[in-house]
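Visitor: Whenever a hint applies, use it, and build me the whole structure from the sequences.
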Amino acid sequence: MLAHLERPAGPAPGLRRILDDFGLTYFANGLIAFIFSATGPLAVILSVGTRGGLSQAELASWVFGVFFVNGLVTLTMSLRYRMPLGFAWTIPGTVLVGPALQHLSFAEVIGAFYATSLLVLVMGASGWVKRVMSALPMPIVMGMVAGVFLRFGLDIVRALDSDVAIAAPMIIAFLLLSASPAWAKRMPPVIGALLIGALLIGALGRVDTSTLGSLAFAQPVVQAPVWSLGALVELVVPLAITVLVVQNGQGTAVLRGAQHEPPVNAIAVACGVGAFFSAMVGAVSTCLTGPSNALMTSSGRMDRQYTAALTFGLFGVLFGLLAPTFTGLMLAAPKEFIMVLGGLAMLRVLQAAFLGSFGGGKFTLGALVSLIVTVADIGMFNIGAAFWGLVAGFGVSWLMEKHDFTALANRA
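Using my numbering, you'd call the opening residue of the sequence shown number 2 and step up by one each time.
It should be emphasised that the hints constitute simulated quantities derived from the structure, not laboratory data.
Bear in mind that the values here come from a model prediction, so they are computed numbers and not experimental data.
This list has only true hints and no planted wrong ones.
PhoX-like mimics (lysine-lysine), calculated; alpha carbons at most 25 Å apart, straight line:
hint: 1; residue 1: Lys363; residue 2: Lys403
hint: 2; residue 1: Lys403; residue 2: Lys131
hint: 3; residue 1: Lys131; residue 2: Lys363
What follows is a list of derived Cβ distance ranges for each label pair:
hint: 4; residue 1: Val123; residue 2: Pro170; range: 45 to 53 Å
hint: 5; residue 1: Ala136; residue 2: Leu330; range: 41 to 49 Å
hint: 6; residue 1: Gly154; residue 2: Leu196; range: 15 to 23 Å
hint: 7; residue 1: Leu25; residue 2: Ser56; range: 36 to 44 Å
hint: 8; residue 1: Leu200; residue 2: Ser299; range: 26 to 34 Å
hint: 9; residue 1: Val223; residue 2: Pro12; range: 29 to 37 Å
hint: 10; residue 1: Leu32; residue 2: Leu200; range: 18 to 26 Å
hint: 11; residue 1: Ala225; residue 2: Gly15; range: 36 to 44 Å
hint: 12; residue 1: Gly206; residue 2: Gly15; range: 50 to 58 Å
Glycine included, every Cβ here is placed at the ideal spot set by N, Cα and C.
Guide: The following block contains the structure:
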């Protein structure tokens, strides 16, 4: 099976070569990519976890897993293939876990994490990833993703209603920075919103000191899985799709746009291995990141951009080791701060999900049905709405849009 894994173009660089290739541009790109991952996407984890009733220790362990494990995967793969291969966690997968935690135990969800890691590993090692990606009607999948993401966009509006003093300035800062490409390059809009929100929280005395503590190193909580058929059916296939198709597809597209040739099958194997070790500490599955890789390839020479990924991975490892400290800091903020930050971080992703659903003119009815069923958030047989959204979307599209399936088969 391992014959399907892509071979590196050459040997891994030694320390001297890394130091020669390193530079301020690559350090800055890697640092900005890390800060992006450590702000908005982290807020998504905290939002989902707190809604799901997880303890602060479980949340800190989750944060440790997604940063420490994926930092190590990033360092290993970027050195091995000598290209920027930044790994993080699946944000759509994290969002999928939210509704599941309303009717499943965390141990059952972790069992699904383990099963997903095995499925992703087999898909990569067997070379099936490319074939599956070409056979799936992406608009229907993206309709489900858009339905799952929509709550984060709505959270921005709800935060405005419940705490306008915190929410409004953050949104204004985000919009002003987004409107100016020059300013956005110097200060990513999500980070600008974070800084404005943090200043306001401090100035208004809105810090919950009960979650704060002294500098603390990670004490990962090793989680025992519980095997539940309902959890496996509800989560494994959607999680694998978000890793292999949604996230890895986006990440590989970004890297190809930057003239790299990412090793698709090896990336899937790395995601499977990373997801297994992440699941041990209660963290969601590993994926190749899109936005962070875009930031790491935004400037500089192509053959030196791997050093930006090394910076990204090293900061991830350090952040993971101090996960309890950073988790406590984030939880000390008002919930509206987390809601707005998570929503703003997801805004462009939500836009891309809608464009992926309806922008191509194919499978549009199936995509709409997938979106509607997912947004309705009504599960059956203890299986969440995201799965039924996919089933309904595929079913309706198979009946009503056979010409689109024919065109997809011919293209494959």
